[in-house]
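Asks: Sequence:
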Amino acid sequence: MKAELDKNYWDNRYKEGQTGWDLGEVSPALKAYIDQIEKKDLKILIPGGGNAYELAYLHQKGFHNSYLIDLSPTALSNFKKNNPSIPDKFLIEGNYFDHIGEYDLIIEQTFFCAIDRTLREKYAEKTNDLLVSGGKLIGLLWSEDFGDDSPPFGGTKKEYLSYFTPYFKIQVLENSRNSIKPRAGRELFMILQKLT
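Counting with our numbering, you get residues 1 to 196 for the letters of the sequence shown.
No lab work stands behind these hints: they were computed from the structure.
Beta carbons: idealized from backbone N, C-alpha and C, even for Gly.
A portion of the hints provided could be inaccurate.
Said to hold, decoys possible - Label-pair restraints from in silico Cβ distances:
1) Asn178 - Asp41: 23 to 29 Å
2) Glu16 - Lys169: 39 to 45 Å
3) Lys122 - Gln18: 24 to 30 Å
4) Lys81 - Lys181: 27 to 33 Å
5) Gln60 - Asp145: 33 to 39 Å
6) Glu144 - Lys89: 35 to 41 Å
7) Thr118 - Pro87: 34 to 40 Å
8) Gln18 - Lys89: 26 to 32 Å
9) Pro87 - Ile180: 27 to 33 Å
10) Ser150 - Asp41: 37 to 43 Å
11) Ile37 - Gly147: 34 to 40 Å
Unchecked claim - Within a straight-line C-alpha distance of at most 27 Å, the following computed DSSO-like cross-link-like pairs (lysine-lysine) qualify:
12) Lys40 - Lys126
13) Lys81 - Lys61
14) Lys89 - Lys40
15) Lys31 - Lys181
16) Lys7 - Lys43
Could you put together the complete structure from these sequences and hints?
Replies: What follows is the structure in structure tokens.
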């Protein structure tokens with residue numbers, strides 16, 4: 001039976017420590033991308049970031065206009081405990097699809113694969129809406145399908161292109177060269193630029 005992927009579902013996962021997707025660190029592919037960004041004043045959003053090692057890393061590297069949005073108050077509370085120097089204003093409790101803002105960069109790490117498949121087209125549209133002209137969506141997507149019972153929900157490059165091509169120039173959508181060992185050969189790295 002398919003789980004209802006709502007706020008309670010995700011908050012309970014964090015309360016019970018059922019976070020098997022959590023690497024415990026920044027994904028090497030995302031770290032490499034962040035390390036090459038020179039412009040430190042970019043406004044950055046990480047949707048559904050959970051423990052958000054990426055947000056902590058961004059702030060550590062001087063990207064002090066970086067935000068996390070997550071449905072789970074427990075995930076946000078955990079982040080605060082582990083990163084007390086990052087002000088609360090960068091932690092947004094809420095639904096990505098209801099969020100209003102403008103960002104230069106959105107970083108995707110395990111959010112897209114956690115939302116119901118029926119929301120994927122809406123995700124592409126919402127991400128487009130949140131990005132400034134020329135803004136980018138970067139991140140990792142699963143390159144295999146896992147079925148429809150519960151997250152993670154994978155997919156194929158062809159499927160992903162059907163969602164993103166109407167809104168983005170596909171700069172990179174290829175096998176990730178620096179995934180962690182258990183995910184090697186199973187992830188696509190993407191750099192997508194908003195069309196208008």
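Asks: Hint by hint, note whether the structure agrees.
Replies: Outcome of the hint check:
1. In this structure, Asn178 and Asp41 meet the distance hint of 23 to 29 Å, their C-beta atoms being roughly 27 Å apart.
2. Judged by the Cβ atoms, the range 39 to 45 Å given for Glu16 and Lys169 holds: they are separated by roughly 41 Å.
3. The hinted range of 24 to 30 Å is satisfied by Lys122 and Gln18, whose Cβ atoms lie roughly 26 Å apart.
4. Against the hinted window of 27 to 33 Å, the Cβ-Cβ separation of Lys81 and Lys181 comes to about 29 Å, which satisfies the hint.
5. Between Gln60 and Asp145, the C-beta spacing of about 35 Å keeps the proposed range 33 to 39 Å intact.
6. A beta carbon spacing of about 38 Å between Glu144 and Lys89 agrees with the range 35 to 41 Å that was offered as a hint.
7. Separation of Thr118 from Pro87 is about 35 Å and conforms to the stated range, judged on CB atoms against 34 to 40 Å.
8. Distance hint check: the CB atoms of Gln18 and Lys89 are about 29 Å apart, consistent with the given range 26 to 32 Å.
9. For Pro87 and Ile180, the hinted distance range of 27 to 33 Å is satisfied, since their beta carbons lie about 30 Å from each other.
10. Hint check: Ser150 to Asp41, Cβ distance near 39 Å, so the stated range 37 to 43 Å holds.
11. Against the hinted window of 34 to 40 Å, the Cβ-Cβ separation of Ile37 and Gly147 comes to about 36 Å, which satisfies the hint.
12. Note on Lys40 and Lys126: the hinted pairing holds, with a Cα-Cα distance of about 24 Å set against a maximum of 27 Å.
13. With a C-alpha separation of about 20 Å, the suggested pairing of Lys81 with Lys61 holds against the 27 Å cut-off.
14. With a C-alpha separation of about 18 Å, the suggested pair Lys89 and Lys40 falls inside the 27 Å cut-off, and the hint holds.
15. A distance of roughly 16 Å separates the Cα atoms of Lys31 and Lys181; the hinted pair therefore holds under the 27 Å criterion.
16. Taking the CA atoms of Lys7 and Lys43, the gap is about 26 Å. The hint holds against a cut of 27 Å.
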